[in-house]
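> Assemble chain B onto chain A, guided by the hints.
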Amino acid sequence: MANYSTNEFKGGLKIMLDGEPCNILENEYVKPGKGQAFNRVKIRKLISGKVLEKTFRSGESVEGADVMDTELAYLYTDGEFYHFMNNDTFEQIAADEKALGDNKKWLVENDVCIITLWNGSPITVTPPNFVELEITETDPGLKGDTAGTGGKPATLSTGAVVRVPLFVQTGEVIRVDTRSGEYVSRAQK
Amino acid sequence: MRHVLFISNWCTTAFMSTWKPTTSHHARLARATMLKHIRQFFEDRHVLEVETPLLCHGTITDEHLDAFHTQYHFDSTGSPVSLYLQTSPEYAMKRLLCAESGAIYQICKAFRHEGEGRWHNPEFTMLEWYRPGFDHYELMAEVDALLMTTLHTAPADVMTYQQAFDEHIGICPLSAPSSILLESMTRFDINIDSPHTLSRDSMLQLLFSVVVEPNIGQERPCFIHSFPASQAALATINKEDERVADRFEVYFKGAELANGFNELSSASEQRKRFIGDNEKRQANGQETKPIDEHFLHALEHGLPPCAGVALGIDRLLMLQLGVSTIRDVINFPTHIA
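Same order as they appear, the protein sequences are chains A and B.
All residue numbers for the first sequence refer to the working numbering, where the first residue is 1 and numbers rise by one.
All residue numbers for the second sequence refer to the working numbering, where the first residue is 1 and numbers rise by one.
Please keep in mind that the hints were generated in silico from the structure rather than gathered at the bench.
Just so it is clear, the structure is predicted and the values come from calculations on it, not from any experiment.
Cβ atoms here follow ideal geometry from the backbone N, Cα and C, with glycine treated the same way.
All clues given are correct.
Quick partial rundown of chain B residues pointing at chain A, CB under 10 Å, derived from the structure:
#1 His64
#2 Glu114
#3 Asp193
#4 Pro195
#5 Ser199
#6 Ser202
#7 Gln231
#8 Glu249
#9 Asn259
Excised from the complex, chain B in its bound form:
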C-alpha cells in the first residue's frame, strides 16, 4: 500500500521542493551589490554600458562550444531561419567597436549547450568589456583592479602558460611531443581510456586543469598568458613568438574566472579560422555552424586595435561568498528553471 501511494504521488512530490530558489537572501543581496560596484567601476573609467542581442543569426564555430539553437518562423523571407542564443556577446560588441563606440562593457546572460557542474550552469551571467587602445597587458591590469575592488584581493600573480607548465609539470607545452604529454598524464594519475586519441590541446588542457590549476591562484588571483595559438580562436598571434597567442586567463581558488585577449582584427584571417573550425567539426562528425557575416563585414570595415575580456559574474560571486557550487548564487539553476 505504501509503495502504491509513493508512486502515484511521485510526480507532484518531485516538484514540491523544487519551486524554491537555491540561493539565500544574503547571496541575492551580494549579487545586487556586486553589480552596483561593477557599474560604478566602469562609470569611473568612462566605459559605456551597452546591450546587444542574445538571439542572433550567427554563432560560434569553435569545436568545443555549442549554442542553443531555435527556428524562427516569422522571418520576412517567408521561410524559417535558424537563430542561436549567444555563447558570449563578442561578435555584436565588436560590431559596435567597428562603429566607433569607444570603450564598452556589457552585463548579460550567456548560454552554452553543455553540462551542469559545480562551476557550470548552461545559462549564466557574463561581464564582457572592450578597451580600444589597450593591449592585453593593460587589460590584465584593469581586470586585476576590478578583482581588487570586488573581491578585495591582493595584486595578482602573472605568468606565461609555458612558465606554469615548466614549474608544475616540468615540460614545455609548446614543444613537447605528444609522447611526453601522454607520459605526464600517466605520471599525474590522469586515468582515461585511449588517451592517445585526445587532441594535443585536450591533453594540455587536462594537464592544466588537473595539475596546474590546483597549484595556482590559491592566495591571490593568477593571470596566465601567452596560450598556445591553437587555443585562441579570436586573438592575435604574438609578434615575437608565433607559437603563442596574446590571450590570458584568470584563475582564482579553483575557478577559471576570465578569458581575455588582443582582438584579431583581420577579417580574412578570422574567416580562415571560422572555416578551419567548421572543417574540424566536420571531421569530428559534428554539424557545421553558420559563419557570422555581419561580424566579418564589420571587421572588413575596420576594428580599432583593442583588447577585450569576458568574466563570469556567477563565479565571481561564488568566490566572494566562499560557496562551493554555482547553485548557491543562481536563483533557479537550469535543472529547476
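Extracted from the complex, chain A is given alone in its bound form:
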C-alpha cells in the first residue's frame, strides 16, 4: 500500500496507525510563524471505532490502509457468520460477529448495507440509515392514554428494543433510524 505524506492528508483518507486501519476525520495544519509545522489530525480507528487526536510532524509519511467500502445485500446468518451478496456480481462475503458489533440488530434480509473491507476482509458493517422491522412484543398500552408519557419499549424481530408511541402495537411494522436507534414512523404499506 502506498505511503501518504501529511500534505496529502484530508478527511476520508485511510491510513494505518498502531497496526489498525483508520479514517482521517479532520486535518488541521498548525504552523506558528516562527516554529515547526505540525498536522493535528482527528482519526477514527475503523476496527475499535475509537476516535482520537494525533499530531504529526509536517512532511512525515504514514502507511496507507487498503480500505474500501462496498454495498452488499444481507442474505442470512448461519449463527457464526453473516452472509452478504453483491447484487451485480452475486459474489458473497461473510462477516463475523466482531465486524457487525451492535449493528447486527438492524440487519434485515435483502437490505443493502455498506461493508468496509480491509485487505479484502470485512471490518465494519453499516446498515441503511432507515430499516423497517416488525414489533414482536410490546405492552398493549391503555387506550386514550397518549399524553406526554414518552412512549413504551418495544422488542423488534431482530431483538432490538426501541421506544415507540403507545398507540403502536405488536405485529405492526415500524421504521427506525439506525443511527440513533429511534422510532420514526409506522412503515408505509
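Chain B only, in chain A's frame:
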C-alpha cells in the same frame, strides 16, 4: 462504458470548476474596503507607504521558514544566480530605515514554501510596518488601534508568554525542564510519536497552539509578549530578563494575526544569529541559506531604534467576515492558481 468515459474526461473535468475564484463578491468588496481603511490609518499617522522587492538575492535563514527559490540566468556576471521570493519584506524595509526613511509601511505579497491549511496559503498578503522611536509596547498599542479601526474590537488583553503558560498549563515556559514539558503534553493529550526528539521550542509551541491559543483572544484580541529568546531571530533581548526577547504576537479567535518586536540593530549579533541558524540547518540535514549581506551592511551603517510588526491581511479579512478558511478571502488559492 461509463467508466471508460469517466477516465477519458477526467483531465478536462478536473479543471471545469477550478477556474472560478473561491471568494464571494462580498469578500472582494471587503478586501478593497479594508485596504482603503488601512491606508487611511497610516496616512493619518504620517507613516509612508513604500515598496520593496519581492525577489531578492538574500533570504531568511530560520530553520522553520523556507523561501521559494529560482535561478536567474541574465545576471551581469554571466553566471546564473539564486534569487528568493521574500517570506516577508523585513530586510529591505530595514535597509530603508537605515537610510533614514522614517516611519514606513508596506502592503505586499509574501511567499512561504510550506503547506496549505485553513489559515495558510503559500502566497499571502502581508502588512508590515516600522516605527522609529517606538518600543514594542507603543507598537502593541498602535496594532490594537488598527484592530479597533478595522475589526471594531474591544481593547485587547495583554499578557506575557510566561503568564499565559502559568495560567493555562500551570508551568513556567522559561525554566521548566523538558521532562515537565513532555509530561504536560501527555496531560493535554498531545499524542505524537517520539515526543522526546522534539526541540524544546517545538514542545512549547505545540503546547501553546493546542492548549493556550484556544483559551485566549476569543472575545477580544490578546497580545502575548516576552517570548523565549530562542523564538525571536530578529528581536532585541530584554534588558531586565535575558531569557526573553522583546517580541509580541497577536491572537484573535484562533488566528495568529501579527508578530512584532523591538528590532535588533547590532550587525554583529545579527550575523551571529544567521550563522547559528545555518548551523542548525546543517545539523538537521537542511540546506543552508545565503546571508543577506546588503541587510547586514545597512545594520553596520546604523538602524535607528525602532519596533516593527507584520500582520496577515488575509487572516484579518477572515476574522472580519467570520469565515473559517483562507480560501474564502483569496481569489485563487495556490492549489488552483
